[in-house]
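Novice: Residues per chain, in single letters:
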Amino acid sequence: MSIRPLLRFWLFAVAVLSVAFFGSTAVQAAPMPKEIRIGTLYADSGPFAVSSQSQLQGLEFWVDHVNREGGVYVKAYGRKLPVKLIAYNDRSSTTTAATLYNQLITQDHVNILAADFGSVLTSVAVPIAQEHKMLLFDQTGTGANFFTNDNPYIVLTSLPTSGIWPYALADFLKTQKQIKRAALLYATNDFTGSQAQTLRRRLQGSHVKLVFDHGVATSTSSYALLLHNVQAARPDAVIEFGFPNNDIAFLHDLQASGMKFNMVFTIFPGQLFALMEKSVGDQTLAYTYTYPTPPLLVYNKVNYGMGLNDFQQEFRQANGKDPNFLNIAGFNTGLVIQKTLQTAARLDQLALRRSIVAFSGRLHTLNGTFKIDHITGAQIGENLPVGQFIPGKHALTVRMLYPPDLATGKPVYPAP
Amino acid sequence: MIAYTLLAGLLFGLYFSLVAVGLNLVFGVMRLINLAHGDFLMLGAFLAYGLYTAAGVNPVYAIPAEIVAFVLAGIALYYAVVPRLLSSRDPEMLSFILLFGLSQIIEALAVIAFGNDQRAIPATVFGARPVTVFGQTFPAAWVVSGVVSAAAILAVYLYLYRSRLGYATRAVMASRDEAASTGINVHRVSAIALGVGLALAAVAGAFSPFMLGSIEPDMGIRITTVSFAVIVIGSLGNPLGTVLGGLVYGLGLMLMETYFPSWADMLPYVLLILILLIRPSGLLGQRVRLA
Amino acid sequence: MDYWAKGCGLPRGGWYSVGVVALFIVLPFVYGNHDLLFNMMMYLALAQGINVLFGFTGYLPFGYVGFFGSGAYGASLAVLLLHLPPVLALLVGAVIAVLLALLLAPLLRLSGAYFAIASLAASEVVYYIVSNPHLESLTQGPYGISLARAYDADASYAAMVVVLALAFGVVVYLRNSHLGLALQAIREEPVSAEFAGVNVVRERTCAWLLSAALAGLAGGTYAWHVSVFYPKSVFDLNISVFAIVFTLFGGVATLLGPIVGTLLLYGLYNWIGISQPEYFQLVFGIVIVMLVLFLPNGLASLLRRVNVHVP
Chain A
262 MSIRPLLRFW
272 LFAVAVLSVA
282 FFGSTAVQAA
292 PMPKEIRIGT
302 LYADSGPFAV
312 SSQSQLQGLE
322 FWVDHVNREG
332 GVYVKAYGRK
342 LPVKLIAYND
352 RSSTTTAATL
362 YNQLITQDHV
372 NILAADFGSV
382 LTSVAVPIAQ
392 EHKMLLFDQT
402 GTGANFFTND
412 NPYIVLTSLP
422 TSGIWPYALA
432 DFLKTQKQIK
442 RAALLYATND
452 FTGSQAQTLR
462 RRLQGSHVKL
472 VFDHGVATST
482 SSYALLLHNV
492 QAARPDAVIE
502 FGFPNNDIAF
512 LHDLQASGMK
522 FNMVFTIFPG
532 QLFALMEKSV
542 GDQTLAYTYT
552 YPTPPLLVYN
562 KVNYGMGLND
572 FQQEFRQANG
582 KDPNFLNIAG
592 FNTGLVIQKT
602 LQTAARLDQL
612 ALRRSIVAFS
622 GRLHTLNGTF
632 KIDHITGAQI
642 GENLPVGQFI
652 PGKHALTVRM
662 LYPPDLATGK
672 PVYPAP
Chain B
20 MIAYTLLAGL
30 LFGLYFSLVA
40 VGLNLVFGVM
50 RLINLAHGDF
60 LMLGAFLAYG
70 LYTAAGVNPV
80 YAIPAEIVAF
90 VLAGIALYYA
100 VVPRLLSSRD
110 PEMLSFILLF
120 GLSQIIEALA
130 VIAFGNDQRA
140 IPATVFGARP
150 VTVFGQTFPA
160 AWVVSGVVSA
170 AAILAVYLYL
180 YRSRLGYATR
190 AVMASRDEAA
200 STGINVHRVS
210 AIALGVGLAL
220 AAVAGAFSPF
230 MLGSIEPDMG
240 IRITTVSFAV
250 IVIGSLGNPL
260 GTVLGGLVYG
270 LGLMLMETYF
280 PSWADMLPYV
290 LLILILLIRP
300 SGLLGQRVRL
310 A
Chain C
558 MDYWAKGCGL
568 PRGGWYSVGV
578 VALFIVLPFV
588 YGNHDLLFNM
598 MMYLALAQGI
608 NVLFGFTGYL
618 PFGYVGFFGS
628 GAYGASLAVL
638 LLHLPPVLAL
648 LVGAVIAVLL
658 ALLLAPLLRL
668 SGAYFAIASL
678 AASEVVYYIV
688 SNPHLESLTQ
698 GPYGISLARA
708 YDADASYAAM
718 VVVLALAFGV
728 VVYLRNSHLG
738 LALQAIREEP
748 VSAEFAGVNV
758 VRERTCAWLL
768 SAALAGLAGG
778 TYAWHVSVFY
788 PKSVFDLNIS
798 VFAIVFTLFG
808 GVATLLGPIV
818 GTLLLYGLYN
828 WIGISQPEYF
838 QLVFGIVIVM
848 LVLFLPNGLA
858 SLLRRVNVHV
868 P
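If you read the sequences in order, they're chains A, B and C. So the numbering used here is basically just the index in the first sequence, starting at one, shifted up by 261. So the numbering used here is basically just the index in the second sequence, starting at one, shifted up by 19. So the numbering used here is basically just the index in the third sequence, starting at one, shifted up by 557.
Accuracy of the hints is not assured; some may be wrong.
What the hints assert, rightly or not - Simulated pairs of lysine-lysine, DSSO-like, Cα-Cα distance not exceeding 30 angstroms: (1) C:789 - A:341; (2) A:539 - A:345; (3) A:438 - A:521; (4) A:435 - A:295; (5) A:295 - A:394; (6) A:539 - C:789.
In case anyone wonders, no lab produced these hints; they're calculated from the structure.
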């Protein structure tokens, strides 16, 4: 055996290594106040692609918007700086996402770190951000276990933590004297599992009895038999908590089965109206209940950034389509970042967090009132109301039902 | 309740027979496991979806288009790779890996072409009213899918047992070499069988939005495994045995969904392992050694 | 035959392993994205695990990720329920994976594609059990694991270096031992190997358990390193697929094949993933098809064709 071919092979392996590691990453200089670098991830494929891309689009819209105005004012430097967004694609994989969050922090030295959509892709960022002492702008990752007393490096910007979502729904049910029996059907994941838990707890001791309470896998795509079981329990109201694919399948199968319930509640028609309308049709959505979010829900008390109308108009111009809720969620993250940079005396991450705590509760955007729990960073403003889809002449409209200060009418109960 | 479950199981059983029968036909003729089977089903689903959204074509009328497109695709695929594979050192394993690669390619192309949105065809395409069968009410789409599946299985029977091509196909299934020595054009027969196998998957795909939930590019591998479970339960290499496998699976699934819903997803995998270990020849068929 | 190369303190291939392991000890000091390095090591170890089984026995374990996932859960639950220190918990993870492999050992009666699909089904069964909401009190069901308290990026990185060294060690040993020779004999000619006095069942099972133990260790270490994960992410079929393709690409039954395969393809994956994200799965599929049609024994066979020995 000659040694030279072996040597060559070894050199080859080293060369491969070097290409794999160094070829891909340019060495970045230490942060200079020439621009503000914001790093985030998105997924162009996999289960979170649709939502994630919408959210990124919203954040990009904000970046273009501030850059047209000469950048974002950074108090730490006393002047405006342009914003540069670095966004990598994690293809909905947590393993890839972990690598890329790391890349953003250690190689790109971003000033601001924003998470991808949803709890699953945010989950891996939480320990990484804490390890590197970076404040994580968690946009829509509402998993309850991210927010702990000993981690100051996270703040939830655009949705309330999932455990408090059904507050208004539970209160609404309690005010409806005709609803005595309710069925609860939910997908078993952090997001909807915690909502089911809250609803269950909040209905305890009230006149509303849960006559059916069942969790299904998040991958469930056929509800026909489950609906049969639900019907056997003779509920007045059917509450289904799921991800968009669950809600679509549920509404789909409900329509195909020909069953009628007096009240049907699902989550996502209120957030992704266009998608749901396209998938299940107006007829199916008519008279169902949901949590309406902007743009279905209009907050009039905006004191920071564009109001909903201006936003819709500009967004349509820029992207050629109407914004959905996740576009607004991404844009709202931009607004929170903007406010943070405007008020933080220094750019160090804990200073950022302190300035967020300082304006928490006093920032009213098109997404509602931004308010965090001062210790854990969880979002507790931006409450989700209850609304009902009412068929109009040409399209469905949303009638707000609860809480009373947002209400625009009475429910149509039982659904015709 | 039990009557409803059993009838639903019957409808789903027929449908799962259709889902799996193409895989079994291909296995019977070529002794290779088409790991891309589920991906062809997915393509069939997207074709039906495309026809529906573009021109409002009812999935039932999409069937001829599915058959033509996929028979041709199957014949092309056969001549592109199979003869080369069959002459290699370890055809079974190599074809398995190759078809796995093909499955990855199809999935990737589907993502690039269709994106990741989940698609559905509204169930109202078969009329908004549910259908009553033996006093039980089912979505119309289930009944239509069941009927189409039964018709397709019947067509497979006629093809295999009542046509000259079918006679030749069964001869190839029995022994490739002997069939060749009696003057049968083995390649032509096998290519058509692969085409028919893919077309059956595609037809099943046209009804998958109603029976399996929404369509998405990465549904393939799951369906391949379920199909494999169904044909193993019936009998490997015996296309009509698939019907038994489908019915056992469909009834089992519906019973699980009704009484132990959170464990229902496990069913095909558990059945697959048990049958492979305990009775590898399936419920029908003689004992054969797989090892 | 002298299994230990003459005049050299290490068996054949040993120096390469030492070199690669040393590289992963040094690299963190000059390169900041430790997660990338960590994942690279993880796939190197998993590819060698696949190599132990597929390369030396011909069994293709599609469900290899089942061992990875059970290792991840075994280790995590040892931390959460038994309050073991992470390093001990990793061993628990490996033991769980080995126990699972013992339970599944009858699958080895199946051959070729049947084994591949049955092992895939087995990993799905384990996934559905672990993620079942009824077992929430034990496994947290579908809600995922959080090991925030035990999180230690540096220690878990070091642990993966050790796992990688072990994986290399196993393959170097197989390349140079009776067991490895016996296994390859079984792979080529099972019947005559049996006549020649090789205990086919025992040797095969041995490789199966070794391979499962490596995946279990890698899974446990991965769980420790990410510290927050969901059942879906540790039972992700793509983990099996990656490891299998890396191994096939480099060339099975060699030490260097899987190493080169992983470094090249996973490097490519991250390179494309970081700059131009689309089309990776497509490239992957095409690589597989091309391999089968033109290079069924991987890159290593190219070198063998020009008479270079590949350790």
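Novice: With reference to the structure, classify each hint as holding or not holding.
Specialist: We went through each hint and held it up to the structure:
{"no.": "1", "hint": "C:789 - A:341", "verdict": "violated (44 angstroms)"}
{"no.": "2", "hint": "A:539 - A:345", "verdict": "violated (35 angstroms)"}
{"no.": "3", "hint": "A:438 - A:521", "verdict": "holds (20 angstroms)"}
{"no.": "4", "hint": "A:435 - A:295", "verdict": "violated (55 angstroms)"}
{"no.": "5", "hint": "A:295 - A:394", "verdict": "holds (22 angstroms)"}
{"no.": "6", "hint": "A:539 - C:789", "verdict": "holds (29 angstroms)"}
When held up to the earlier numbered hints, the structure conflicts with 1, 2, 4 and fits the remainder.
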